[in-house]
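Colleague: Heads up: the sequence lines are chains A and B, in that order. For the working numbering, count along the first sequence from 1 and bump the result up by 11. For the working numbering, count along the second sequence from 1 and bump the result up by 468.
Derived from the structure by calculation, the hints contain no laboratory data. The beta carbon of each residue, even a glycine, is placed where N, CA and C say it ideally should be. It cannot be assumed that every hint is accurate.
[As the list claims (entries may be wrong)] Per the computed footprint, the stretches of chain B lying under chain A, defined by three or more beta-carbons under 8 angstroms from a beta-carbon of chain A, are: (1) 509-522; (2) 549-557; (3) 566-572.
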Amino acid sequence: MTTTTLAPTTATTAPPLPVAAARTHGPLRKASDVAVLSARNLVHISREPFQLSDVTLQPVLFTLLFVYVFGAGVVLPGGASYKDFAVPGMLVFNLVTSTVGTGVGLSLDVNTGVIDRFRTLPMWRAGVLVARSVTDLFTAVICAGIVAATGFAIGWSPDGGVGRAIAAFALVLFFGYAVSWGCACLGLASKGVETAQALGLLVLFPVVFMSNALVPTQRMTPWLRDVTTWNPVSAVTAAARQLLGNPNPSASIHAWPMEHPVWAAVLWSIGLLAVFAPTATVLYRRRAAE
Amino acid sequence: MSELMIEAEGLVKRYGETEAVAGVSVAVPAGTVLGVLGPNGAGKTTTVRMLTTLTAPDAGWARVAGHDVVREAKAVQARIGVTAQEATVDGMLTGRQNLVMIGRLSGLRRGDARRLAGALLERFALADAGDRIVKGYSGGMRRRLDLAAGLVTRPPVLFLDEPTTGLDPASRVRMWGVIRELVTDGATVLLTTQYLEEADELADRIIVVDHGRVIAAGTAAQLKAQTGGARLQVTLTTAHPEAAAALRRFAAGDVAVSQDGLHLRAPVTSGSGLASAVVRTLDTAGVSVDDVEVHPPSLDDVFFALTGRPADEHPTPGDVDPESGAGRSLATREQVLPA
Ligand SMILES: Nc1ncnc2c1ncn2[C@@H]1O[C@H](COP(=O)(O)OP(=O)(O)O)[C@@H](O)[C@H]1O
Ligand SMILES: [Mg+2]
Numbered sequence: 012m013t014t015t016t017l018a019p020t021t022a023t024t025a026p027p028l029p030v031a032a033a034r035t036h037g038p039l040r041k042a043s044d045v046a047v048l049s050a051r052n053l054v055h056i057s058r059e060p061f062q063l064s065d066v067t068l069q070p071v072l073f074t075l076l077f078v079y080v081f082g083a084g085v086v087l088p089g090g091a092s093y094k095d096f097a098v099p100g101m102l103v104f105n106l107v108t109s110t111v112g113t114g115v116g117l118s119l120d121v122n123t124g125v126i127d128r129f130r131t132l133p134m135w136r137a138g139v140l141v142a143r144s145v146t147d148l149f150t151a152v153i154c155a156g157i158v159a160a161t162g163f164a165i166g167w168s169p170d171g172g173v174g175r176a177i178a179a180f181a182l183v184l185f186f187g188y189a190v191s192w193g194c195a196c197l198g199l200a201s202k203g204v205e206t207a208q209a210l211g212l213l214v215l216f217p218v219v220f221m222s223n224a225l226v227p228t229q230r231m232t233p234w235l236r237d238v239t240t241w242n243p244v245s246a247v248t249a250a251a252r253q254l255l256g257n258p259n260p261s262a263s264i265h266a267w268p269m270e271h272p273v274w275a276a277v278l279w280s281i282g283l284l285a286v287f288a289p290t291a292t293v294l295y296r297r298r299a300a301e
Numbered sequence: 469m470s471e472l473m474i475e476a477e478g479l480v481k482r483y484g485e486t487e488a489v490a491g492v493s494v495a496v497p498a499g500t501v502l503g504v505l506g507p508n509g510a511g512k513t514t515t516v517r518m519l520t521t522l523t524a525p526d527a528g529w530a531r532v533a534g535h536d537v538v539r540e541a542k543a544v545q546a547r548i549g550v551t552a553q554e555a556t557v558d559g560m561l562t563g564r565q566n567l568v569m570i571g572r573l574s575g576l577r578r579g580d581a582r583r584l585a586g587a588l589l590e591r592f593a594l595a596d597a598g599d600r601i602v603k604g605y606s607g608g609m610r611r612r613l614d615l616a617a618g619l620v621t622r623p624p625v626l627f628l629d630e631p632t633t634g635l636d637p638a639s640r641v642r643m644w645g646v647i648r649e650l651v652t653d654g655a656t657v658l659l660t661t662q663y664l665e666e667a668d669e670l671a672d673r674i675i676v677v678d679h680g681r682v683i684a685a686g687t688a689a690q691l692k693a694q695t696g697g698a699r700l701q702v703t704l705t706t707a708h709p710e711a712a713a714a715l716r717r718f719a720a721g722d723v724a725v726s727q728d729g730l731h732l733r734a735p736v737t738s739g740s741g742l743a744s745a746v747v748r749t750l751d752t753a754g755v756s757v758d759d760v761e762v763h764p765p766s767l768d769d770v771f772f773a774l775t776g777r778p779a780d781e782h783p784t785p786g787d788v789d790p791e792s793g794a795g796r797s798l799a800t801r802e803q804v805l806p807a
């Protein structure tokens, strides 16, 4: 069963040193490495729960701010409820902006001495990267739950059936996951945590605001409306609105992504993932080889 | 000749213009300790990083436990334990969580990793602190945990990069004990240090590195012989014209006298029984003595003997742990007094 050489007595009288009998290869070993490293990330979160504020407090705050401050001024085509319009948008807004945390976390990972320890262990190198994205997917699920709960609390009413609602959440989470690999690239490319954070927000805020997530795009100047139409955030938001049976003014825009938002969202997510995941892996390898 | 566990030939590493390591070769037989002695910036850490697969050499090759560090990095990683100069444990985890994590990442099963972590904490006198967060550890505790972390896989080859720099004297002596025990258990060790005394205590053979090159190699005794052994330092109550002459019969070289005539310094070959003989001789000559010290040669003396310049010409600030301030700073070295 277990190796006899590992009896504690040998370790206290100390090791006449055979190489530890260990699994060194295979998918099981990789999965185990990812599990161990994800557990480490969760311990970090438990030590500083405030770290989680961007997926707990922030979604509540932003959802309330947008619904009550913006909601008072925004008139939706056809007089639909801004609340029902805003909650899917807030879901995308919060999940996308919270991916900055992936960049920050990875930047911490590669800029402290622990990475050198990991690199001398016979472990799966990319495990650090994968564990980070697994942990952040977990916190993203919390974030999505909190936005939904906040929405329900203020009277949001999705109207598309449970199956379609699950599909909507899965789609937004998948998109957030793809974006988090982009932030991973930023985190790995920057020299410090602060840079990773500032850079992440600097890129993501304009992308999220220049979309249909917060306001209908119909009355924007034409060039800006074209940008929002082809912005992946708009596709994901429109898809979520459609699946959740909430008002989706973008449906009337004559452009492929707005006419087929679910397909567009899936393709955008796959595309982003296909670009950013390998890039992050390369950056991580390079970073780890310094 | 026994099997070589660490073997390197012509290792080179450049960072832009600097040649951090400029052709270092080492050969460490199984079960022995090699001390790599050198001041800050000599290239010790860079050498260790190449040998431990953390940095690829620009030229040269190295084999550890029979495996090439570049082409067979995984095999090397499975056979080495590393204690880096900088902390490589996770400050947010407890000591135990760190060791269990490292065990798991080395492929141990959960139960084995837990048992091994417990045993290592015991062994390094960290059992009580094991469940506290590492951020709150003292420098010595952190170092011991880092060393324990390198032993989780019970590797046959250990690399210890300045394991005692920044530690207070008591922690240093304790660390020496721990390292000696590992050697008794059969580990092959490469240890870097800034202290000749430490290399003398622990190493079977020593190489002295400077500007990325090996400038001397041999046993501690051979190195000391090259530097003229110990150093005699006498402080007088009042200056005396006969003092230097009286000391000359003990000296292995020139006797240096300070400007005020109160401090005398000379290289000597052997330190045993010297102090009392010196006091008696000076007494007879009518010189009143305040203090007599016999210093074993330091890295500075070795350096001076080998290069004709002090070790502190290397401008690398901030390498000595500022918190404890322990460890003799090379920068405080006294200048040799004019004769
Ligand atoms: N990552 C790096 N980038 C640039 N220069 C470096 C790097 N690592 C080390 N050096 C330089 O290489 C030289 C040797 O450094 P190092 O191996 O750390 O010496 P030691 O460990 O003996 O103090 C120093 O001049 C140092 O500044
Ligand atoms: Mg160093």
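Colleague: Please go over all the hints and tell whether each is borne out by the structure.
Modeller: Hints versus structure:
no., hint, in the structure
1, 509-522, "holds (count 3)"
2, 549-557, "holds (count 6)"
3, 566-572, "holds (count 3)"
In this structure, every one of the numbered hints holds.
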